[in-house]
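Modelling step: build the complete structure from the supplied sequences, incorporating the hints.
Chains as they are written, first to last, in our numbering: chain E, 1 to 306; chain Z, 1001 to 1393.
The reader is advised that the hints may include incorrect statements.
To be verified - No farther apart than 25 Å at their CA atoms in a straight line, the calculated lysine-lysine pairs in the DSS-like style are these:
1) E/K292 x Z/K1105
2) Z/K1084 x Z/K1102
3) Z/K1261 x Z/K1317
4) E/K195 x E/K14
5) E/K213 x E/K25
6) E/K56 x Z/K1084
7) Z/K1115 x E/K292
8) Z/K1186 x Z/K1290
9) Z/K1318 x Z/K1290
10) Z/K1290 x Z/K1353
11) E/K299 x Z/K1248
12) E/K46 x E/K299
13) Z/K1274 x Z/K1307
14) E/K107 x E/K46
15) E/K213 x Z/K1084
Hints listed in this document are in silico derivations from the structure and should not be mistaken for laboratory results.
The chain contents come next:
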Amino acid sequence: MSAATSAAEAEAAKIGGWIEGVLLKRLADDKLVLPTIPSVALKCAKLLRVAETNVKTIAAVIETDAVLTARVFRAAAINGVSTSTPGSNDLNLVETLTALGDKELRKLLMDATAQLSASEKVYVSKDPQIAASLRRIWEHAVMVSILARDLAMLAGARSSETAALGGLLHDIGKPVVAAMLLEAERQLIEVQLQKKFVDAQVWISVVNRLNRKVGLALAERWQLPPAVIRCVSDCSEFDNADRASHLNPIVLANALAKKSGMVAGPVDSDDVNALLMIGKSMLGFSDDTLTKLSADVKKRVAPLFD
Amino acid sequence: MFRVLTVDDSRAVRTIVRKQITEMGYEPFEAEDGEQGLVRLAETPVDLVLLDVTMPVLDGLGMLERMRAKGIKTPVIMLTSESKRSIVAGAMRLGLDDYILKPFKPEELRVKMEKVLGTAAPAPSAAAPSGLDAMEAVMFTPAAPPAPVAKPASTAAAAQGADVLLIDDMENVGVRLRALAPPHVKIQWVATSPAALVAAREHHYRVILVDNELGGVELPVLVRQLRMLQPEAVLVALPLHSPTDISKDLRAVGFDDLLYKPFNANSVSDFLFKYFDNQVVLACEENIFKAGGFSGREEKLAGYYSKLLELFQDALKKAASACYDEVILDLSLAPPRQERLPRALIFCEEQSKASGIHLKLVGTPDHRRLLAGFAETKALAMFDSIQEARQGT
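Next comes the structure, spelled out in structure tokens:
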């Protein structure tokens, strides 16, 4: 490890410790406010302007943002509403939104929209590398979600919707940590008039370092469904004992997204290639199918952010 | 002949693998553990090693490590029930070529062995980058070409693979189509999209019929997935008759064609003629030409004969190029319809003479009676079988 890398790691550990403390405290006090990504908040605002909107249309917007989807599950837990298709354990966002009812649904959309001006500020970094990383974090989650749904359907897994929602939320800690870091950046630059917050390398290192711990804390505090908590807990190994598990398409989708470069931060290419090799054999996919799926998804994800 | 060494402590696995290796025409070798595997390799160099991970004495990773340390670069496929990322990643760092998770399907073993040994049939676009290592190249290709549409094959062999996948949640749709289609067209009916995707993963279809109002299904997603699994298939939507034209919308979703419900004999006949019947019009093997059957509407008969003559001309040219001085045209399955057949044969006879080739015909008593009724065709020689035609003068 070079001296520069060691210094960056030390700084990431220091900042990470501080951020973790603040985040976990806010979570415990129920004071964690997470903005929706601006492009999704704008779509929510549009949905609110339409007198009668189909629940499927609303679900299609919500499932492009991990934080907003987590909020739906949180609302379901608070209101004692089932997150599954009746008679099964398969997650279903449309069913959940329908069960929450119009009033709660509008409240969710209004919350997302109310934060629009705030999120436009919060979800922006003055550092172009950090801004790019932020975009990658969001794109990665959506890409894994779409790929996991496709792979689950093609592999004949039990529930493609559980795979899609688990894939969307598997790295839920990342946008939470990122939002906190961006808040800190704004404070330092706008209020304390410092020139720079941290290097992009340190920034992404903090996000990756805290992702799992913060994600799990949020998943448990917000009472996200067990299928989601399992993905947040570990998405790096296949479930060989239950090959039809919703986890397996997500693990393969995660590796595919990383292989295609749709990820923030460094990637261990040996690990990714090993997961692709195992996943192909376990779920019965050819290289060609995976290549086509990934190319197709990348084209579908890119326009969603802007 | 390729030599393949299987290193596995399970006799059952070795037996299954040996059988498949032998069936593929390769020479099998076996070892019960890594130590024995290294001894076998020292005795007989092989072209491929199929390697288990968990074994007594010396495990798979240990054997691979020692192989590489000795400079043995033989390709290795891991054949194991081990699915830990770190173990597979470690083997990849030692030059693992591929991986198969137990239990496995024989097809997976065959495909991966052929790939590693370089005996796989070349892909249609051999020059294009393929595989995950070429993923980045594919992803940044600005505009992907449109998905290929199945072209009618012209051989009997292709027709044997003719198959329809019908995806519709109303069972009666399948019953109706089955009743209207001739028996030689194989139809598989499924009611749900997951069942359709399973079928599309396991079989090849020429045509896939999709109910465009299938319950609980995002149609564009299903179409995209079917296209991915069956790039050669024709995707046909099954809309209801409607005063508004929805064909543009359905084509925008990715369908190649439409077949309106409810079906009737004529619409099914047209559909089958378009995608199936014209594919068995004429099968050719050297100087033996066999006309296929016809099961469509009478109005389509002109098209059948027109296609028959077109294919006959091409086949005749090939026979002439190969220096055949006679060709046998077997009409046994061709419909003996008034005028159409005699007219077609007059044309075939003229073309053959112009090419310096003697035309012999094979047909049924019905064909013979029909040709005898026309002055221009009553003198044409017709035999009862190809064998008789070969011997006859």
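Hints, one by one, checked against the model:
With a C-alpha separation of about 23 Å, the suggested pair E/K292 and Z/K1105 falls inside the 25 Å cut-off, and the hint holds. Distance check on the hinted pair: Z/K1084 and Z/K1102 sit about 13 Å apart at the alpha-carbon level, within 25 Å; holds. With a C-alpha separation of about 43 Å, the suggested pair Z/K1261 and Z/K1317 falls outside the 25 Å cut-off, and the hint is violated. Distance restraint check for E/K195 and E/K14: the Cα-Cα separation of roughly 20 Å lies within the 25 Å cut-off, and the hinted pair is therefore satisfied.
With a CA separation close to 13 Å, the supplied pair E/K213 and E/K25 stays within the 25 Å bound. Taking the CA atoms of E/K56 and Z/K1084, the gap is near 38 Å; set against the 25 Å cutoff, the hint is violated. A threshold of 25 Å between alpha carbons decides the hint, and for Z/K1115 with E/K292 the separation of about 19 Å falls inside it, so the pair holds. Proximity of Z/K1186 to Z/K1290 is assessed by CA-CA distance (about 22 Å); at most 25 Å being required, the pair is judged to hold.
Between the alpha carbons of Z/K1318 and Z/K1290 the distance comes to roughly 15 Å, so the proposed pair stays at or under 25 Å and holds. For the proposed pair Z/K1290 and Z/K1353, the alpha carbon gap of about 19 Å is at most 25 Å, so the pair holds. The hinted pair formed by E/K299 and Z/K1248 meets the criterion: a straight-line CA distance of about 23 Å does not exceed 25 Å. Taking the CA atoms of E/K46 and E/K299, the gap is near 24 Å; set against the 25 Å cutoff, the hint holds.
With a C-alpha separation of about 12 Å, the suggested pairing of Z/K1274 with Z/K1307 holds against the 25 Å cut-off. Between the alpha carbons of E/K107 and E/K46 the distance comes to roughly 14 Å, so the proposed pair stays at or under 25 Å and holds. Simply put, E/K213 and Z/K1084 have alpha-carbon atoms about 22 Å apart, close enough for the 25 Å limit, and the pair holds.
Violation of the numbered hints given earlier is confined to hints 3, 6; the remaining hints are satisfied by the structure.
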